[in-house]
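**Q** Each chain is listed here by its residues.
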Amino acid sequence: MRALVIDDSRTMRRIIVGVLTALGFETVEAADGRQALDVLEQGIEVDLACIDWNMPVMNGLEFVVAVRERKDWRGVTLMMVTTESEHGQIVRALAAGAHEYMIKPFTPDAVKEKLQLLGLVEIEELV
Amino acid sequence: MTLAPDTFAFVADLVRRRSAIQLEPGKEYLVESRLLPLARTAGLLDVDSYVRGIRAAPHPTTLEAVVEALTTNETSWFRDALPFRALVDHVVPEMLTATTSGMFAPQLRIWSAACSSGQEPYSIAMALADVLAPSRMKITATDLSDQMLERGRSGRYSQLEINRGLPAPMLVKHFTRAGADWEIAQPLRSAVTFQRHNLLDAPPVGGPFDVVFLRNVLIYFDLATKRDVLRRVQQAMRPGGFLLLGAAETTIGVDDGWERVSVGRSSVYRLAPRRAA
Amino acid sequence: MSMQVDTTAFAGTDPVYVIAEEVFSSMIDGEPGFLRHWDGDPPPIVDAMHAWVDVHGATNGRVLLSTERSTADDLARALLQMGPTEPVSDEDFADALGEVANIVGGNVKALVPDPGVLTLPQVTHERPHTDPEALIYELPLDWRGSLVVIGLWRLL
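Chains as they are written, first to last, in the working numbering: chain A, 1 to 127; chain B, 1001 to 1277; chain C, 2001 to 2156.
Isolated chain A (complex conformation):
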């Protein structure tokens, strides 16, 4: 599994990369939506994108819209990871095509559970 971590804060990218690496993901980083599109356009295959909302150049919502317009990028699961936490903002992101939404702050367990919901991380085997 490979994840694209999109956030203008290098601190936040480091935190998210740390959590994803522990869950077995390879990671690629981008500092804004435009850089992230460049990664996809290079043909780098990505299973998951963790997307900040407020970024310079191209914000996360614009990135989601751009990805959803491309048929060949249908396989990318889009999860917003943002401090935007109003009900209306979450509705907007989901309507634009985001699959999940994680509000900052979060714990590593919360990331794992969201990825389980998305089928990207195994739910622990039961008895």
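None of these hints come from the bench; they were simulated from the model. Given the structure is predicted, the values throughout are model-derived calculations rather than measurements. Where a beta carbon is used, it is the ideal one built from N, C-alpha and C, also for glycine. Incorrect hints may have been included.
To be verified - With a Cα cut of at most 20 Å, we get these calculated SDA-like pairs of lysine to any residue:
# : chain 1 : residue 1 : chain 2 : residue 2
1 : A       : K112      : C       : G2030
2 : A       : K112      : C       : S2025
3 : B       : K1138     : B       : R1189
4 : B       : K1173     : A       : H87
5 : B       : K1027     : C       : P2032
6 : B       : K1173     : A       : L118
Claimed, not checked - Partial list, derived from the structure: chain B residues whose beta carbon lies under 10 Å from chain A:
# : residue
7 : P1167
8 : R1177
9 : R1265
Assemble chains B and C onto chain A, guided by the hints.
**A** This is chains B and C only, laid out in the frame that chain A set:
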């Protein structure tokens, strides 16, 4: 303040068995600082007397509170995911079929036992809301702790709690912002009734139940108590009803009144037809 | 961020405190218990660092986080999961402190009825200009014995 060695040993053992987290010697300060608020709430001055009380009369809710305080594990929504899928994909269709033969009418009655702060009963309500009108579900949520019941009744959850396993579409559909918190919508709140109950007492009102969630509770009991609890649960259920247990729990080897049914990657337990009374 | 923020309703369940507590417990300390209300009158902050985000929309406001440089260093190290004496580069420092302001600010924004757009965070040694009359609410916090102040300001 120093923690008695046997207090630390007891807490460390409990946490290890329950969460696989090892509390190494030297973490006494952690046990002390995390459990002190619980001790104070219980009206005690120090952690040693609090833990002594727990050891004298262990109860799942208290034990879980201790484990949670030390593992900072907020209760998750749709915990382990699979039981809720089993409920919607298997149990409800079975029950709806059974309706024609007179069962399961007019409401599906569900008991969420040891419900803690309410994430489980509300997750059940949300899962069912996709297939059933809220007026057709009657969820009885019980716990021993008045504080937990009060939190459940309030239907309010912090941002960190909301992040734990709640799918975003469910969040926007069933919750509204309330200050820094989120509040669950009224129709689902009215489908859930909170009630104080001890698993070793007579069943709660609201039954007989079609489905019982008794998850991550039996693990705290010895075999004799497990049997006792399961027998009481049986008496609270309709024949043919379903029991959902935690991931590490089973009725097998404990109580033979149940038929194990595999649903996808998990199992549910169906109450065997009742013997003639 | 406006006069519509009913700060009197904060008593007891101060949502700004709740937000700060969540940010610190989950992302900075990894466990609760290290952030509390400052006991008594907070002393003036010497060698201060300021990090803030603004909300622009129907009403304009600023969420400003101020603390001593050494505390800010500790905050950055904690957030970046660095050792207690590891040197923090200026870039990492500004980024980490800005992100704390961003997370607090974004969540505070959700408290107001008609929230607008959040700006990208800024971090400076100089205190940004705010009209003294425009203070809506100030919350002095004790993080591991050090003072951290979160202020909500109206922008005129």
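**Q** Each hint needs a verdict: does it hold in this structure or not?
**A** So, going through the hints one by one against the coordinates:
1. A/K112 x C/G2030: Holds - the C-alpha atoms of C/G2030 and A/K112 are around 16 Å apart, at most 20 Å.
2. A/K112 x C/S2025: holds, 18 Å
3. B/K1138 x B/R1189: Within the cut-off at roughly 10 Å; holds.
4. B/K1173 x A/H87: Distance of about 10 Å is within 20 Å: holds.
5. B/K1027 x C/P2032: holds, 15 Å
6. B/K1173 x A/L118: holds, 18 Å
7. P1167: Cβ of B/P1167 sits 5 Å from chain A, so the hint holds.
8. R1177: holds, 5 Å
9. R1265: Cβ of B/R1265 sits 6 Å from chain A, so the hint holds.
Going through the hint list in order, the structure satisfies each hint without exception.
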